[in-house]
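Visitor: Please build the complex by placing chain B on the supplied structure of chain A, with the hints as guidance.
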Amino acid sequence: MTGVSDYRKQEESITLAPVDAQMDTATGDGEPAEAAGTETELLTLNMGPHHPATHGVLRLLVSLEGEVIHDVKPIVGYVHTGIEKTCEDKPYWKVIPVIERMDYLAYYFNGMAFSAAVETLMNVEVPPRAQYLRVIHMELNRIMSHLVWLGTSALDLGAISMFWYCFRERETILDLFEMSSGQRMHTRYIQVGGVIEDIPPGFETKLRQFLASMPTRADQYAAILDRNEIVLRRLKGVGAVDAETLLNFGVTGPLLRATGNPWDLRKAAPYCSYDHFDFRIPVGTSGDNYDRYRVRLAEIYESVKIIEQALDGLPEGPYITEDRKVALPPRHELATSMEALIHHFKLVTEGFRPPPGEVYYPIEGPRGELGCFVLSDGSGKPARVHMRDPSFVNLQAFPAMVRDSYIADFIATLAMLDPILGGIDR
Amino acid sequence: MPDAPGLELIAQDLRDNDPDSVLSTVYFRERGTLIVNPAAIRETLRRLRDSGYGFLASVHGVDYHPEEPRLGVHYELLDMTEVDRLTVKVRLHTEAPEVDTVADMWATADFQEREIYDMFGVIFRGHPDLRRILMPEDYEGFPQRRDFPIGGEPVLFTHNEHEIPRYYE
Numbered sequence: 000m001t002g003v004s005d006y007r008k009q010e011e012s013i014t015l016a017p018v019d020a021q022m023d024t025a026t027g028d029g030e031p032a033e034a035a036g037t038e039t040e041l042l043t044l045n046m047g048p049h050h051p052a053t054h055g056v057l058r059l060l061v062s063l064e065g066e067v068i069h070d071v072k073p074i075v076g077y078v079h080t081g082i083e084k085t086c087e088d089k090p091y092w093k094v095i096p097v098i099e100r101m102d103y104l105a106y107y108f109n110g111m112a113f114s115a116a117v118e119t120l121m122n123v124e125v126p127p128r129a130q131y132l133r134v135i136h137m138e139l140n141r142i143m144s145h146l147v148w149l150g151t152s153a154l155d156l157g158a159i160s161m162f163w164y165c166f167r168e169r170e171t172i173l174d175l176f177e178m179s180s181g182q183r184m185h186t187r188y189i190q191v192g193g194v195i196e197d198i199p200p201g202f203e204t205k206l207r208q209f210l211a212s213m214p215t216r217a218d219q220y221a222a223i224l225d226r227n228e229i230v231l232r233r234l235k236g237v238g239a240v241d242a243e244t245l246l247n248f249g250v251t252g253p254l255l256r257a258t259g260n261p262w263d264l265r266k267a268a269p270y271c272s273y274d275h276f277d278f279r280i281p282v283g284t285s286g287d288n289y290d291r292y293r294v295r296l297a298e299i300y301e302s303v304k305i306i307e308q309a310l311d312g313l314p315e316g317p318y319i320t321e322d323r324k325v326a327l328p329p330r331h332e333l334a335t336s337m338e339a340l341i342h343h344f345k346l347v348t349e350g351f352r353p354p355p356g357e358v359y360y361p362i363e364g365p366r367g368e369l370g371c372f373v374l375s376d377g378s379g380k381p382a383r384v385h386m387r388d389p390s391f392v393n394l395q396a397f398p399a400m401v402r403d404s405y406i407a408d409f410i411a412t413l414a415m416l417d418p419i420l421g422g423i424d425r
Numbered sequence: 000m001p002d003a004p005g006l007e008l009i010a011q012d013l014r015d016n017d018p019d020s021v022l023s024t025v026y027f028r029e030r031g032t033l034i035v036n037p038a039a040i041r042e043t044l045r046r047l048r049d050s051g052y053g054f055l056a057s058v059h060g061v062d063y064h065p066e067e068p069r070l071g072v073h074y075e076l077l078d079m080t081e082v083d084r085l086t087v088k089v090r091l092h093t094e095a096p097e098v099d100t101v102a103d104m105w106a107t108a109d110f111q112e113r114e115i116y117d118m119f120g121v122i123f124r125g126h127p128d129l130r131r132i133l134m135p136e137d138y139e140g141f142p143q144r145r146d147f148p149i150g151g152e153p154v155l156f157t158h159n160e161h162e163i164p165r166y167y168e
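Residue numbers (numbering that gives the first Met the number 0), protein chains in the order written: chain A, 0 to 425; chain B, 0 to 168.
These aren't lab readings, by the way, just hints derived from the structure by calculation.
Incorrect hints may appear among the rest.
Unchecked claim - Below, in silico cross-link-like pairs of lysine-lysine (BS3-like), each with a Cα-Cα straight-line distance of 25 Å or less:
hint: 1; chain 1: A; residue 1: K304; chain 2: A; residue 2: K205
hint: 2; chain 1: A; residue 1: K345; chain 2: A; residue 2: K380
hint: 3; chain 1: A; residue 1: K89; chain 2: A; residue 2: K324
hint: 4; chain 1: A; residue 1: K380; chain 2: B; residue 2: K88
hint: 5; chain 1: A; residue 1: K84; chain 2: B; residue 2: K88
hint: 6; chain 1: A; residue 1: K304; chain 2: A; residue 2: K89
Stated by the list, open to error - Computed footprint of chain A on chain B; a stretch qualifies when at least three of its residues, placed anywhere within it, have a C-beta under 8 Å from a C-beta of chain A:
hint: 7; segment: 21-31
hint: 8; segment: 37-46
hint: 9; segment: 97-107
hint: 10; segment: 130-144
Claimed, not checked - Chain A residues, not near chain B, derived (Cβ > 10 Å throughout):
hint: 11; residue: G65
hint: 12; residue: P96
hint: 13; residue: P199
hint: 14; residue: M337
hint: 15; residue: G377
hint: 16; residue: A382
Quantities reported herein were computed from a predicted structural model and do not represent experimental measurements.
Built from N, CA and C at the ideal position, the CB exists for glycine as well.
Same shape as in the complex, but just chain A (with noise of 0.2 Å):
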């Protein structure tokens, strides 16, 4: 060892330091780096629309002060596709695929709010069987809802085995929804009066496996995430916003329970017969996006205890309700009876007409409160539909989020926020 080599006195010479420094160290005053006229400028940086981490085509306009967000602002409106105005221009019955494809992770949900916006106005009651249909496949679209949640958030954390182990789950569900309905998604399973067919055979024994291997797979995730460095770096401590301020920006659903809060419509004020089933509403503590994490994957194994009760009290009746003005008769019924065709015929061209008359009826959708406005001036077309959609009221909160952290951990708490652009832009 002769020293250092030439190579390694030319590295050492190079100076990291500004250039202004540079040249207060050549003039020999010796003063630290910062006070040689350092300046703050912010900058401006633009994400989207088309970012592939941002769950859809979100577009944000950051300014960043070094590395620390100084603001956001997200626009929205790239996939407007004027659903609600759509909506005006088709018979009630005819509404709900359109309404299902607003939130496309939720369409279980967009078509309960809506159905049950009518029925409330039509004063329809649906029978007890049909209550608890829905409530299955509303739990089993929520646990869908969290697995693309979590998959594509472990995603943009670089876990990419999550996203695999999330959607092998993911499609058991889906399958499930193509027995019950024909469709994996946008399914138009829940109906004005109930829903469209009842659980074919096969359905149940293939429904009871996943709710036997469902929580232990939720295990396994939280097996892989919970002690995984680069998860918790950007999930614990960061993010962190209050009860209070969420609620003053309208925030509902799992992220207003990772502060603690344990508001939920389904206990609140319970519909469709969620006052039956005993579970419990997980919450967190800090409201950081680890909390947001646990709520979600929490509220998994909520849902399977839901469906599991509703299952073995499955009551026995109709899927449907009897009221012939509002659902089409059954199919054997038209080869015998005129009353039966007249009606089918009358539901199938024009759809049924509700008294005038607005309602507003929220439910408790994987992302909050999803409400649905519906006004009908009596003719067989609704005068205007509105979908309170949560992603679209929670959106708001990211800047409080988000403000004075680093960006790298925009994108993870991004991501927390479970944003469905769907149902932002309608």
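Guide: Quick look at chain B alone, frame taken from chain A:
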């Protein structure tokens, strides 16, 4: 939900303070609605917020065409301790659809009022950033109004971009 007499009591409380605030009440399907004078909307909502309806669940616009006044803005209030919902609505004429903003009282109203402006053309006085939110910024007209036709708008593709009038403007 407040029952029908409860709704009248709320309305009476508000009228005691300002006789012109509540124009009428509607009780339909076990939900109460207060129809409020647009000039008194901020004061009414502030009183309701202080009396417990602290959460603004939704703000949305409605077009009651052909009734007059045509436009409506609905505020869905929620009392989270009593689990009680109340709808407050104002009716506005299309000639001067203006109402005070509540975005400073509830931050959630920001995007939702922008959406109503975008879709119905209601101007929210004092709103911090009243721009279109879902439609393009240079869009003309308010598409959710009932007299706005559906369809008929050419879809822009590369093959027809030169044929669409005023595309470059």
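Visitor: Failing hints, ascending?
Guide: 6, 8 and 16
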